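Let's have the full structure, built from the sequences with the hints guiding it.
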Amino acid sequence: MTARDDVLAAVRRGLGRGAVSDAVAAELTARVATHRRNLIPARAAALEPAARLRLFVDMAEAVQTTVARVSDAGDVPGEVARYLAAENLPAELAMAPDPALDALPWDARPLLRIRRGKSSPEDAVSLTPCLAAVAETGTLMLMSGERTPTTLNFLPDTHIVVVRSGQVVATYEDGWDLLRARGALPRTVNFITGPSRTGDIEQRIELGAHGPRRLHVILIDDGASEADGER
Amino acid sequence: MEATSHTFAGNARAGLANPVLRRALDMAGAGFPARRAEAIARLPEFDALRDEGKAIKDHTIGHLDFYLELYERQVTAAGGVVHWAPDAAAARAAVLGICRSVGAKTVTKGKSMVAEEIALNEHLEANGITPVETDLGEYIIQLRHEPPSHIIAPAIHLMKEQVEATFRAAHTALDPARPLAEAPLLCGEARAVLRPQFLTADVGITGANFLVAETGSSIIVTNEGNGDLTQTLPKVHIVITSIEKVVPTLEDAATLLRLLARSATGQEFSSYTTMSTGPRRPGDLDGPEQYHVVLVDNGRTALLGGEFQDMLRCLRCAACLNHCPVYTAVGGHAYGWVYPGPMGAVLTPALIGLDEAGDLPNASSFCGRCESVCPVRIPLPKMMRHWRERQFALRKAPAAYRYGLGLWAWVAQRPALYHALVEAKARLLGRLGRRRGRFRTMPLAGEWTRVRDMPAPEGRSFHALWAERGRARR
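The listed protein sequences correspond, in order, to chains A and B.
Under my numbering, the first residue of the first sequence is numbered 1, with each subsequent residue one higher.
Under my numbering, the first residue of the second sequence is numbered 1, with each subsequent residue one higher.
It is worth saying that the hints were derived from the structure and are not from the lab.
Keep in mind it's a predicted model, so treat the numbers as computed, not measured.
Any given hint could turn out to be false.
What follows is a set of in silico ranges between Cβ atoms, one per label pair, in the way DEER data are often shown [said to hold, decoys possible]:
1) B:Gly305 / A:Ala103: 57 to 65 Å
2) B:Lys105 / A:Arg115: 28 to 36 Å
3) B:Val193 / A:Ser21: 54 to 62 Å
4) A:Ala68 / B:Gly305: 53 to 61 Å
From chain B, some residues computed to sit far from chain A (all C-beta separations above 10 Å) [as the list claims (entries may be wrong)]:
5) Glu2
6) Lys105
7) Thr106
8) Gly128
9) Pro179
10) Ala350
11) Ala393
12) Trp408
13) Ala409
14) Val411
15) Arg460
16) His463
17) Gly470
Every residue gets a Cβ at the ideal spot worked out from N, C-alpha and C, and that includes glycine.
Right under this line is the structure:
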């Protein structure tokens, strides 16, 4: 018997039965395939898009995420420059090699030095897109991929995330649906709710334990009212 | 680790006499419950979610073989490898084998209670591999060669002065005159010291809060981001976890995630909830090249079908510790092994035996707070009672306790005798204690009266008074 057989046999012995019958297996397979939602808290699910956006911002700010709203994607480079100056940070970015970010008018900010790719240990600031933002808890949903290396989310001290208002969904379950709609799962999905923190010393919350100590969201409020997928 | 659960009484006395521990536990005993209560007040559906969480776990445990097999198929389909480990030795061997296969010298670790349970660090060290704990609390206790004293806040027994002394003793390359008295300085120093470790480790080991059968994913929930650096930077990621962590779907995981952070730290959601599915994809710019899951049984299947099966629902949130009058008085180390508090009092005897851990299910006043805050409604007091019954049946309780209880049971089954004896005792004690109204000492109850007086009865038994009132009413 292999270790695998041992463990599975012990499970069945404990449950007092053999392997599940074909009928039960079919039921369980259907349960997984339909992946029905359980109870969804009304907090976010019941909201209209504008209120959902407000809830996202409120919840994000409650966990020390800072949020800047711009009305047009073209304003993002200006907001990045403003934020870096206000926080006394160098005008240097490690940016996800993402076509949508590339398409922003960076030429208008010639003083911003931008490097595209995964993060290296010297990076102080990163800029990434996201898959979605979850209003329920002010959570950003990011995924790994050719255009979105995960190290950008964790190595730099400051992480800036660009969110379009149409990407703000109500719940985690809405995020799962977006993920499934893309087909094969990415290696990793990061739900990020505020900057890195620890309470391990006297339960006093300190930001920037190992990941970013600052998390800044630039919210492009372009009036898009429905979650329109990943782009 | 060497269990010291059998010396619980002495451990507890040492804990009570430790002034640092007293201050630390006072902070924890106030902070965690208040924050949990606030978070729950903000989510009206919380109780209904608890019912659903319980149902999800019960459903999964009832079909655990099916979901584990599905989970394994999906991990494999995503390019990962599942290693089954019936016991701790098999789990250690699996991890060591993977580390050796890539010639690993150092491994970074995210916090994992299963790794503590199988004593993974000692095994890696004994085989020439250096494990580096990266969760701040775990890092502190690793430097101090201490076990964790809490399942989500491992260094909760320390104040910042102890952490400062620990860092000064360990980080000898740094300026001895540096200021280090405040928490932000300590956190900053740990961050700076650990960053190169993240970047150079050969293997990253994390635990898992949930495994998703539908997708073959593992989910970790952290606040520091250390778990993510641990699993993203090295070329190999090993997930060490146990079989009862599996849930059917992402939707089921979402429901349990809504319960977990609120119950644990009182956060709406922890900073980082990370789902990992297999190794780096073609074209990915970062992430591990190998993804392994070591699935540990180590005594869990023995709980199936018996009176302790409900314990397999446990999410390891620590709400039962934070609300326990015993835990918050004696601290986690008193419990003498990996899992302290009420969940530990139920789980530890199952995992390391009643001979070693028999005191733990007795270290409870049965106040029931643990069960009342458990996000998946585990009947912890009932299960502690089951351990006591088993102890009694196996004649493992102390002789005086067994004979006393036997005598009491014999009398209690004879109501006339019982009432007569109780009435006589109440009269006698009432008369003896009439002057003072209380007793300073009491034969056979010396332990009890050592720290408090016993109020004298008024002279009649409850049964007698009740019968008398009944007659008066009629």
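Outcome of the hint check:
The supplied range of 57 to 65 Å is met by glycine 305 of chain B and alanine 103 of chain A, whose beta-carbon atoms lie about 59 Å from each other. Between lysine 105 of chain B and arginine 115 of chain A the C-beta distance comes to about 31 Å, which sits within the given range of 28 to 36 Å. Evaluation of the 54 to 62 Å hint for valine 193 of chain B and serine 21 of chain A yields a pass: the beta carbon distance comes to about 56 Å. Between alanine 68 of chain A and glycine 305 of chain B the beta carbon distance is about 56 Å. The supplied range of 53 to 61 Å therefore holds.
The non-interface label for glutamate 2 of chain B is consistent with chain A: the shortest C-beta to C-beta separation is roughly 25 Å, beyond 10 Å. Against the 10 Å criterion, lysine 105 of chain B stays outside the reach of chain A, whose nearest CB is about 19 Å from its own CB. The non-interface label for threonine 106 of chain B is consistent with chain A: the shortest C-beta to C-beta separation is roughly 17 Å, beyond 10 Å. With 10 Å as the threshold on Cβ separation, the claim that glycine 128 of chain B sits away from chain A holds: the shortest Cβ distance comes to roughly 25 Å.
The claim that proline 179 of chain B lies off the interface holds: its Cβ sits roughly 15 Å from the closest Cβ of chain A, which is beyond the 10 Å cut-off. Every CB of chain A is more than 10 Å from the CB of alanine 350 of chain B (nearest about 12 Å), matching its label as outside the interface. Every CB of chain A is more than 10 Å from the CB of alanine 393 of chain B (nearest about 21 Å), matching its label as outside the interface. Every CB of chain A is more than 10 Å from the CB of tryptophan 408 of chain B (nearest about 35 Å), matching its label as outside the interface.
Every CB of chain A lies more than 10 Å from the CB of alanine 409 of chain B, the least distance being 32 Å, so the non-interface label holds. The beta carbon of valine 411 of chain B sits about 39 Å from the closest Cβ of chain A, which is more than 10 Å, so the claim that it is off the interface holds. Non-interface call for arginine 460 of chain B relative to chain A: holds, since the shortest CB-CB distance, roughly 50 Å, exceeds 10 Å. Even its closest Cβ contact with chain A, about 44 Å, leaves histidine 463 of chain B beyond 10 Å, as expected for a residue assigned away from the interface.
Every CB of chain A lies more than 10 Å from the CB of glycine 470 of chain B, the least distance being 47 Å, so the non-interface label holds.
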